[in-house]
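Student: The task is simple: from the sequences and hints, build the whole structure.
4 protein chains.
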Amino acid sequence: MIEPKNYNFSNVKFFSPMQLSEHYALYTKYIDCLNKVNVDLKQNNIYSDCNQNYSNIRSAQKSKSFCCDAIKLHELYFENLTGNNTNISGPMEKIVKDVFGTYDNFLDKFKCIAMSMRGWVLFCYDKYNKEYYIYGQDSHDDGVMLYAEPLIVLDVYEHSYMIDYGINRSLYIDAFLENLDFGVVNKRLNSLLF
Amino acid sequence: MIEPKNYNFSNVKFFSPMQLSEHYALYTKYIDCLNKVNVDLKQNNIYSDCNQNYSNIRSAQKSKSFCCDAIKLHELYFENLTGNNTNISGPMEKIVKDVFGTYDNFLDKFKCIAMSMRGWVLFCYDKYNKEYYIYGQDSHDDGVMLYAEPLIVLDVYEHSYMIDYGINRSLYIDAFLENLDFGVVNKRLNSLLF
Amino acid sequence: MIEPKNYNFSNVKFFSPMQLSEHYALYTKYIDCLNKVNVDLKQNNIYSDCNQNYSNIRSAQKSKSFCCDAIKLHELYFENLTGNNTNISGPMEKIVKDVFGTYDNFLDKFKCIAMSMRGWVLFCYDKYNKEYYIYGQDSHDDGVMLYAEPLIVLDVYEHSYMIDYGINRSLYIDAFLENLDFGVVNKRLNSLLF
Amino acid sequence: MIEPKNYNFSNVKFFSPMQLSEHYALYTKYIDCLNKVNVDLKQNNIYSDCNQNYSNIRSAQKSKSFCCDAIKLHELYFENLTGNNTNISGPMEKIVKDVFGTYDNFLDKFKCIAMSMRGWVLFCYDKYNKEYYIYGQDSHDDGVMLYAEPLIVLDVYEHSYMIDYGINRSLYIDAFLENLDFGVVNKRLNSLLF
Numbered sequence: 001m002i003e004p005k006n007y008n009f010s011n012v013k014f015f016s017p018m019q020l021s022e023h024y025a026l027y028t029k030y031i032d033c034l035n036k037v038n039v040d041l042k043q044n045n046i047y048s049d050c051n052q053n054y055s056n057i058r059s060a061q062k063s064k065s066f067c068c069d070a071i072k073l074h075e076l077y078f079e080n081l082t083g084n085n086t087n088i089s090g091p092m093e094k095i096v097k098d099v100f101g102t103y104d105n106f107l108d109k110f111k112c113i114a115m116s117m118r119g120w121v122l123f124c125y126d127k128y129n130k131e132y133y134i135y136g137q138d139s140h141d142d143g144v145m146l147y148a149e150p151l152i153v154l155d156v157y158e159h160s161y162m163i164d165y166g167i168n169r170s171l172y173i174d175a176f177l178e179n180l181d182f183g184v185v186n187k188r189l190n191s192l193l194f
Numbered sequence: 001m002i003e004p005k006n007y008n009f010s011n012v013k014f015f016s017p018m019q020l021s022e023h024y025a026l027y028t029k030y031i032d033c034l035n036k037v038n039v040d041l042k043q044n045n046i047y048s049d050c051n052q053n054y055s056n057i058r059s060a061q062k063s064k065s066f067c068c069d070a071i072k073l074h075e076l077y078f079e080n081l082t083g084n085n086t087n088i089s090g091p092m093e094k095i096v097k098d099v100f101g102t103y104d105n106f107l108d109k110f111k112c113i114a115m116s117m118r119g120w121v122l123f124c125y126d127k128y129n130k131e132y133y134i135y136g137q138d139s140h141d142d143g144v145m146l147y148a149e150p151l152i153v154l155d156v157y158e159h160s161y162m163i164d165y166g167i168n169r170s171l172y173i174d175a176f177l178e179n180l181d182f183g184v185v186n187k188r189l190n191s192l193l194f
Numbered sequence: 001m002i003e004p005k006n007y008n009f010s011n012v013k014f015f016s017p018m019q020l021s022e023h024y025a026l027y028t029k030y031i032d033c034l035n036k037v038n039v040d041l042k043q044n045n046i047y048s049d050c051n052q053n054y055s056n057i058r059s060a061q062k063s064k065s066f067c068c069d070a071i072k073l074h075e076l077y078f079e080n081l082t083g084n085n086t087n088i089s090g091p092m093e094k095i096v097k098d099v100f101g102t103y104d105n106f107l108d109k110f111k112c113i114a115m116s117m118r119g120w121v122l123f124c125y126d127k128y129n130k131e132y133y134i135y136g137q138d139s140h141d142d143g144v145m146l147y148a149e150p151l152i153v154l155d156v157y158e159h160s161y162m163i164d165y166g167i168n169r170s171l172y173i174d175a176f177l178e179n180l181d182f183g184v185v186n187k188r189l190n191s192l193l194f
Numbered sequence: 001m002i003e004p005k006n007y008n009f010s011n012v013k014f015f016s017p018m019q020l021s022e023h024y025a026l027y028t029k030y031i032d033c034l035n036k037v038n039v040d041l042k043q044n045n046i047y048s049d050c051n052q053n054y055s056n057i058r059s060a061q062k063s064k065s066f067c068c069d070a071i072k073l074h075e076l077y078f079e080n081l082t083g084n085n086t087n088i089s090g091p092m093e094k095i096v097k098d099v100f101g102t103y104d105n106f107l108d109k110f111k112c113i114a115m116s117m118r119g120w121v122l123f124c125y126d127k128y129n130k131e132y133y134i135y136g137q138d139s140h141d142d143g144v145m146l147y148a149e150p151l152i153v154l155d156v157y158e159h160s161y162m163i164d165y166g167i168n169r170s171l172y173i174d175a176f177l178e179n180l181d182f183g184v185v186n187k188r189l190n191s192l193l194f
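If you read the protein sequences in the order shown, they are chains G, W, P and S.
Take 1 as the starting number for the first sequence in the working numbering and just add one per residue.
Take 1 as the starting number for the second sequence in the working numbering and just add one per residue.
Take 1 as the starting number for the third sequence in the working numbering and just add one per residue.
Take 1 as the starting number for the fourth sequence in the working numbering and just add one per residue.
Accuracy of the hints is not assured; some may be wrong.
The list cannot tell twin chains apart, which means a pair is met if one copy fits it or any two copies do.
Once the Cα atoms are required to be at most 25 Å apart in a straight line, the calculated DSS-like pairs of lysine-lysine come out as [said to hold, decoys possible]:
#1 K109 with K130
#2 K97 with K187
#3 K187 with K127
#4 K13 with K42
#5 K187 with K42
#6 K109 with K5
#7 K29 with K187
#8 K5 with K97
#9 K42 with K127
#10 K5 with K94
#11 K13 with K127
#12 K36 with K187
#13 K29 with K97
#14 K36 with K5
#15 K29 with K109
#16 K127 with K36
#17 K36 with K94
#18 K94 with K29
#19 K130 with K13
#20 K13 with K36
#21 K130 with K42
#22 K187 with K130
#23 K127 with K109
#24 K97 with K42
#25 K94 with K42
These are calculated hints, taken from the structure and not from any lab test.
Tutor: Right, dumping it as structure tokens:
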């Protein structure tokens with residue numbers, strides 16, 4: 001059984017306790033889902049009907065990727081949303097300079113992609129192609145990049161900002177960026193590089 | 001610019017040259033796609049309209065994940081479809097025994113999930129949750145598991161079997177398994193473990 | 001050019017002006033989208049590259065169904081959300097009795113489907129199969145039923161309730177049902193039957 | 001219980017019996033699926049768990065739209081694929097002239113959209129917006145246009161052509177257009193107009 005992790009949002013600015021707690025509650029539901037799916041996948045009889053149009057195994061598979069990706073992405077998101085270490089620094093600063101020239105150029109592209117997609121935006125290292133890039137997803141498991149190593153993870157589902165910002169996603173993205181923890185980002189980067 | 005890789009299918013049984021060459025031709029189109037997307041993402045003006053309902057950046061992002069995942073998955077598939085080293089052995093044999101008890105049990109579950117999904121079935125190591133499991137995808141970028149390390153990759157898109165097998169996907173899956181290269185699978189496993 | 005329609009929410013209970021106005025603003029963005037798509041589809045040069053992995057015509061087609069369905073569904077939703085004529089009556093009452101036995105039985109099923117889906121729930125008449133049923137969609141254009149004649153339309157996107165209800169969708173569905181205008185529903189039904 | 005309809009392909013040119021019979025067999029599987037879904041939706045206990053991440057009601061809803069749309073679209077496709085009445089004529093000729101100027105212009109646009117999408121392309125009358133247009137879908141139930149009245153229906157799933165044409169979809173579209181029955185198209189149009 002997977003258990004939800006705990007996060008400390010006490011230094012997070014521009015997010016209401018209601019927005020954060022409702023979002024966290026949603027995350028725990030994905031954990032309930034994955035635990036239930038994993039129990040069902042342990043039953044042998046679920047493998048007795050493998051119909052591609054309608055079957056329990058198909059339903060379990062669809063929910064497995066949806067909930068499992070949702071859990072990973074939410075944990076990565078909550079983890080890098082702390083309000084601490086909010087100035088770019090260390091290896092991340094170097095990579096941004098190498099790939100984007102300036103941090104402002106990175107921010108322009110990151111925000112634009114975050115505005116244009118319906119689920120998530122990530123800055124990642126792609127182990128397969130050995131390059132750094134920003135990419136977006138339309139849902140938890142639609143648009144996921146195989147072999148991506150997430151460095152920055154931003155939720156752009158409507159549930160992540162509507163309580164505080166209504167449909168003004170642009171303000172929410174700015175708020176996220178003001179709280180982004182580069183200590184966490186650099187830690188992710190260091191675990192990759194060394 | 002990414003270039004298509006070459007594969008040697010000379011020992012592959014139960015697949016016609018037509019099926020394999022049409023499939024390979026499709027793979028090269030995904031490479032054309034990703035190259036074109038990457039050129040467009042280098043243009044600054046694509047970031048001037050970030051509309052979430054309709055914009056060039058949105059279109060490029062949708063195609064980036066679709067084509068980039070398609071390339072990776074097809075390369076993993078072609079790579080493990082050789083007709084060589086077709087007996088389970090080495091670290092893969094040990095893991096299958098640990099996780100599934102018997103190889104027959106693994107095969108039953110792998111085939112069932114492969115029948116029930118519309119795009120891909122993978123046996124993977126999940127780095128995040130530190131476990132081995134089979135999972136399925138409905139398209140190249142729908143259902144991808146973040147942090148998955150693919151060990152066995154089977155294409156179940158209709159394009160992978162219809163020329164040879166019509167709608168008889170079950171026969172195709174058997175044919176794939178007769179050609180699965182455990183040397184490749186063990187190499188993937190070894191690069192993970194050590 | 002399509003223009004947004006106007007709706008009178010003055011008798012709608014349990015919805016804040018903020019929730020309703022943000023939702024309406026979102027609807028106007030779908031109209032902007034469709035107008036832009038339709039302009040682009042009138043240009044001959046958009047038909048010069050028909051690539052199935054990445055092309056402007058593909059992008060326009062994806063946005064056309066998304067925005068066009070979003071407009072139709074939102075107009076149907078706003079139209080039946082008035083707070084007037086909130087008691088079931090007329091032909092709708094008869095059909096519910098014939099198909100579901102009791103209105104409570106209908107409500108139980110409608111609410112359950114509304115809880116289980118991510119985009120929309122509709123009670124419709126299916127002209128092709130000549131039957132009445134409830135069905136759900138996961139997005140504006142995913143799960144749409146061809147030949148459906150919508151009778152009751154409920155938005156269950158997170159944007160339709162999070163400002164007022166956080167993640168408590170159940171309360172929102174109850175609030176919607178308290179405001180459902182059976183005069184509108186019966187009018188839709190009458191235009192079908194006669 | 002829904003039963004599969006029968007179609008007479010004896011005058012259809014450029015399609016092999018194998019391609020047509022495999023395609024028809026696939027269609028019967030969607031009917032099996034919908035019949036099974038409809039049985040399950042009649043059980044009261046399916047409405048006892050309404051979880052939006054993983055539940056039987058969710059699974060049944062996903063399969064209902066997928067299989068129900070698949071059936072309708074396949075029937076419309078098989079019905080207009082006869083090899084009879086293959087010259088444009090009657091009300092369809094007039095509408096094409098009014099909307100597209102020439103039939104060649106219509107064909108260029110229809111073929112381009114058919115090349116760019118992954119599931120279906122339709123020429124339809126949109127009852128809601130009161131206009132005629134071509135549009136494409138990526139799967140049976142993704143991209144369906146609410147209130148569309150289908151006039152011409154072309155399957156572009158890989159299963160519809162790979163046996164005969166490999167990945168050469170362009171040749172397949174031409175073959176379809178050589179077999180398109182304008183008698184059927186005009187009948188659909190007449191049932192709309194009068």
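Student: If a hint holds in the structure, say so; if it does not, say that too.
Tutor: Comparing the hints with the structure gives:
1. K109 with K130: within (20 Å within a copy, 33 Å between copies)
2. K97 with K187: within (18 Å within a copy, 36 Å between copies)
3. K187 with K127: Both ways: K187 and K127 sit 17 Å apart in one copy and 17 Å across, limit 25 Å.
4. K13 with K42: neither (43 Å within a copy, 33 Å between copies)
5. K187 with K42: Neither: 35 Å inside a chain and 28 Å across chains, both beyond 25 Å.
6. K109 with K5: neither (31 Å within a copy, 31 Å between copies)
7. K29 with K187: Neither: 28 Å inside a chain and 37 Å across chains, both beyond 25 Å.
8. K5 with K97: neither (33 Å within a copy, 31 Å between copies)
9. K42 with K127: Result: close only across copies, 20 Å inter versus 31 Å intra.
10. K5 with K94: neither (31 Å within a copy, 32 Å between copies)
11. K13 with K127: Answer is neither; intra-copy 33 Å and inter-copy 32 Å both fail.
12. K36 with K187: The answer is neither: 32 Å in one copy and 33 Å across copies each exceed 25 Å.
13. K29 with K97: neither (39 Å within a copy, 33 Å between copies)
14. K36 with K5: Result: close within a single copy only, 18 Å intra versus 40 Å inter.
15. K29 with K109: between (32 Å within a copy, 22 Å between copies)
16. K127 with K36: between (31 Å within a copy, 21 Å between copies)
17. K36 with K94: neither (43 Å within a copy, 27 Å between copies)
18. K94 with K29: neither (38 Å within a copy, 35 Å between copies)
19. K130 with K13: neither (35 Å within a copy, 34 Å between copies)
20. K13 with K36: For K13 and K36, the Cα distance exceeds 25 Å both inside one copy (35 Å) and across copies (37 Å).
21. K130 with K42: Answer is between: at 17 Å across copies they meet the 25 Å cutoff, but 36 Å inside does not.
22. K187 with K130: Both: 19 Å inside a copy, 19 Å across copies.
23. K127 with K109: within (21 Å within a copy, 29 Å between copies)
24. K97 with K42: Answer is between: at 15 Å across copies they meet the 25 Å cutoff, but 48 Å inside does not.
25. K94 with K42: between (46 Å within a copy, 20 Å between copies)
Consistency with the previously given hints fails for numbers 4, 5, 6, 7, 8, 10, 11, 12, 13, 17, 18, 19 and 20, ordered from lowest to highest.
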